[in-house]
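Q: Sequence:
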Amino acid sequence: MPMIDLKKLQTHRTRTFNLPPAKRLASPASALKFVDARGFVYFWPIKGIDLPSLWTAVAGNRPVADKHDDPGHITWGWKDGALDKKMWYYAKILRKKATMISLEVAPYFYALSENYGSPEEDYLLAYEEGRLTQSAKQVYETLLNEGAMNTLDLRKASKLANAKDSEFNKALEVLQADFKILPVGVAEAGAWKYSHIYEIVPRHFPKLPEQARKIGEREAREKLLSLYFESVGAAQESDVNKLFGWKKDLTARTITSLVEKRTLVESEHPKQKGKWLALLKLVN
Numbered sequence: 001m002p003m004i005d006l007k008k009l010q011t012h013r014t015r016t017f018n019l020p021p022a023k024r025l026a027s028p029a030s031a032l033k034f035v036d037a038r039g040f041v042y043f044w045p046i047k048g049i050d051l052p053s054l055w056t057a058v059a060g061n062r063p064v065a066d067k068h069d070d071p072g073h074i075t076w077g078w079k080d081g082a083l084d085k086k087m088w089y090y091a092k093i094l095r096k097k098a099t100m101i102s103l104e105v106a107p108y109f110y111a112l113s114e115n116y117g118s119p120e121e122d123y124l125l126a127y128e129e130g131r132l133t134q135s136a137k138q139v140y141e142t143l144l145n146e147g148a149m150n151t152l153d154l155r156k157a158s159k160l161a162n163a164k165d166s167e168f169n170k171a172l173e174v175l176q177a178d179f180k181i182l183p184v185g186v187a188e189a190g191a192w193k194y195s196h197i198y199e200i201v202p203r204h205f206p207k208l209p210e211q212a213r214k215i216g217e218r219e220a221r222e223k224l225l226s227l228y229f230e231s232v233g234a235a236q237e238s239d240v241n242k243l244f245g246w247k248k249d250l251t252a253r254t255i256t257s258l259v260e261k262r263t264l265v266e267s268e269h270p271k272q273k274g275k276w277l278a279l280l281k282l283v284n
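So in our numbering, spot 42 of the sequence shown is number 42, and the numbers just go up one at a time.
In case anyone wonders, no lab produced these hints; they're calculated from the structure.
Some hints could be false.
To be verified - Pairs of lysine to aspartate or glutamate, DMTMM-like flavour, derived with a Cα cap of 20 Å: (1) 170 <-> 114; (2) 47 <-> 237; (3) 261 <-> 237; (4) 33 <-> 104; (5) 159 <-> 146; (6) 261 <-> 222; (7) 271 <-> 80; (8) 281 <-> 266; (9) 193 <-> 153; (10) 92 <-> 239; (11) 86 <-> 104; (12) 86 <-> 36; (13) 214 <-> 122; (14) 137 <-> 173; (15) 137 <-> 121; (16) 97 <-> 165; (17) 137 <-> 199; (18) 248 <-> 222; (19) 242 <-> 153; (20) 193 <-> 114; (21) 85 <-> 199; (22) 7 <-> 266.
As the list claims (entries may be wrong) - Listed next, with one range per pair, are the computed distances between beta-carbon atoms: (23) 49 <-> 273: 15 to 23 Å; (24) 284 <-> 124: 49 to 57 Å; (25) 22 <-> 124: 44 to 52 Å; (26) 203 <-> 77: 20 to 28 Å; (27) 236 <-> 146: 39 to 47 Å; (28) 27 <-> 248: 36 to 44 Å; (29) 62 <-> 213: 39 to 47 Å; (30) 96 <-> 27: 25 to 33 Å; (31) 210 <-> 62: 39 to 47 Å; (32) 96 <-> 62: 21 to 29 Å; (33) 128 <-> 11: 47 to 55 Å; (34) 85 <-> 213: 42 to 50 Å; (35) 124 <-> 66: 36 to 44 Å.
Just so you know, even glycine gets a beta-carbon here, dropped at the ideal spot from N, CA and C.
Build out the structure end to end from the sequences listed, making use of the hints.
A: Below is the structure:
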C-alpha cells in the first residue's frame, strides 16, 4: 500500500492552512479569498479536528488567545462586519461549531440539509418526525413570522425567557446546523451590548434553495469530501465521520467513489496505524 510522504503532507498543509512562512491574512478581502480557496473553514480551530481556520491563517498555529487585545482577534471584527454583507455563509455548521463557507460551496451543504423548498412546511415535518425540539420549533416560528431579531428579543418572543440557557442555545445550534437560521448581524443589546441578530436562511439567501435543488446528495458529498481532502491532504475515514456526521455507509460509499476516480488513494501513515486516505500527489 502506498505510504504518505510526511514532508509533502506538511508542505501541503502549510499552504492550505496558510501557516508561516506564508503571509498572514491582513484584511477582510484576504479572508474572503482564503475562504473561497478552501471552500469551508472553521472560524476558530477546534480541538481534535484538522481543518483550516481563519484564526490560524491570521494568527499562526497557536491556541486562541484569552486576551481581547491579541492581534489575532481582529478576526472577530471581520466576522461580525461581514454578517450582513453576504461575503460568505457563516453559522454553526460542522459539529455545530462556527463555520465559514464559500458562497459557491454553500449550495452543496444545503443540498444535504433537511430543507426541501418550503420554509413554511419543512420545519413542521422535522418537528412531527422528532428531528426538531419544541424549543427549536418555537424559535424558528418566531423568526418565520416576525422577521430578523436579536438573541434577547428572540428568546422572549419565542416564549423561552424562563427556559434554561442550554435549552435556548441548543435550539439555535440545531437550527443553524440544518441551515434553517443564521446570524445576519450584531445588535447592541443585553448586559454586554453584544447580541447576534438571527434570520431564517431563505430570507437572507433567497437563491440558495434553488441553487441546491439542482445538486444531488451523492454529488454534494463528493464535492465536500474532495474539498476537505484538498485542505487536509490526508485523513482517516473516522475523521470524515467526525467532521461531517454522515451515516457511516454514506461516508464509505463516497470515499469508494473518490478512490475509484483517483481523487484519493488508500494509503498508510508512517507513524500511525490504520488505513488512511490521501491525495495522490502526497504518497510515495
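Q: Taking the hints in turn, state whether each one holds.
A: Hints, one by one, checked against the model:
A threshold of 20 Å between alpha carbons decides the hint, and for residue 170 with residue 114 the separation of about 18 Å falls inside it, so the pair holds. Proposed proximity of residue 47 and residue 237 is supported: the alpha carbons are some 18 Å apart, at most 20 Å. For a cut-off of 20 Å, the pair hint linking residue 261 to residue 237 stands: about 17 Å separates their Cα positions. Using a Cα cut-off of 20 Å, the hinted pair residue 33 and residue 104 holds, with the two alpha carbons roughly 12 Å apart.
A distance of roughly 14 Å separates the Cα atoms of residue 159 and residue 146; the hinted pair therefore holds under the 20 Å criterion. The straight-line distance between the Cα atoms of residue 261 and residue 222 is roughly 11 Å, inside the 20 Å bound, and the hint therefore holds. With a C-alpha separation of about 41 Å, the suggested pairing of residue 271 with residue 80 is violated against the 20 Å cut-off. At roughly 12 Å between alpha-carbon atoms, residue 281 and residue 266 fall within 20 Å of each other, so this suggested pair holds.
At roughly 13 Å between alpha-carbon atoms, residue 193 and residue 153 fall within 20 Å of each other, so this suggested pair holds. Taking the CA atoms of residue 92 and residue 239, the gap is about 19 Å. The hint holds against a cut of 20 Å. With a C-alpha separation of about 12 Å, the suggested pair residue 86 and residue 104 falls inside the 20 Å cut-off, and the hint holds. Taking the CA atoms of residue 86 and residue 36, the gap is about 13 Å. The hint holds against a cut of 20 Å.
Under the criterion of a C-alpha separation no larger than 20 Å, the hint pairing residue 214 with residue 122 is consistent with the structure, at around 18 Å. The straight-line distance between the Cα atoms of residue 137 and residue 173 is roughly 12 Å, inside the 20 Å bound, and the hint therefore holds. Using a Cα cut-off of 20 Å, the hinted pair residue 137 and residue 121 holds, with the two alpha carbons roughly 11 Å apart. For the suggested pair residue 97 and residue 165, the alpha carbons sit about 17 Å apart, so the restraint of at most 20 Å is met.
The hinted pair formed by residue 137 and residue 199 meets the criterion: a straight-line CA distance of about 14 Å does not exceed 20 Å. Note on residue 248 and residue 222: the hinted pairing holds, with a Cα-Cα distance of about 14 Å set against a maximum of 20 Å. A C-alpha spacing of about 34 Å is found between residue 242 and residue 153, which places the hinted pair above 20 Å, so the restraint is violated. Pair hint residue 193 plus residue 114 does not hold up; C-alpha atoms about 34 Å apart against a cutoff of 20 Å.
Pair hint residue 85 plus residue 199 holds up; C-alpha atoms about 14 Å apart against a cutoff of 20 Å. A distance of roughly 18 Å separates the Cα atoms of residue 7 and residue 266; the hinted pair therefore holds under the 20 Å criterion. Distance hint check: the CB atoms of residue 49 and residue 273 are about 20 Å apart, consistent with the given range 15 to 23 Å. Checked against the given bound of 49 to 57 Å, the beta carbons of residue 284 and residue 124, roughly 54 Å apart, stay inside it.
Remark: the range hint 44 to 52 Å for residue 22 to residue 124 is upheld by a beta-carbon distance near 48 Å. Taking the beta carbon of each, residue 203 and residue 77 are about 25 Å apart, inside 20 to 28 Å as hinted. The hinted range of 39 to 47 Å is satisfied by residue 236 and residue 146, whose Cβ atoms lie roughly 45 Å apart. In this structure the supplied range 36 to 44 Å holds for residue 27 paired with residue 248, their Cβ-Cβ distance being about 41 Å.
Against the hinted window of 39 to 47 Å, the Cβ-Cβ separation of residue 62 and residue 213 comes to about 42 Å, which satisfies the hint. The given range of 25 to 33 Å is respected by residue 96 and residue 27, whose C-beta atoms sit roughly 29 Å from each other. Judged by the Cβ atoms, the range 39 to 47 Å given for residue 210 and residue 62 holds: they are separated by roughly 42 Å. Between residue 96 and residue 62 the C-beta distance comes to about 24 Å, which sits within the given range of 21 to 29 Å.
For residue 128 and residue 11, the Cβ-Cβ distance of about 51 Å falls inside the hinted range of 47 to 55 Å, so the restraint holds. Between residue 85 and residue 213, the C-beta spacing of about 25 Å breaks the proposed range 42 to 50 Å. Remark: the range hint 36 to 44 Å for residue 124 to residue 66 is upheld by a beta-carbon distance near 43 Å.
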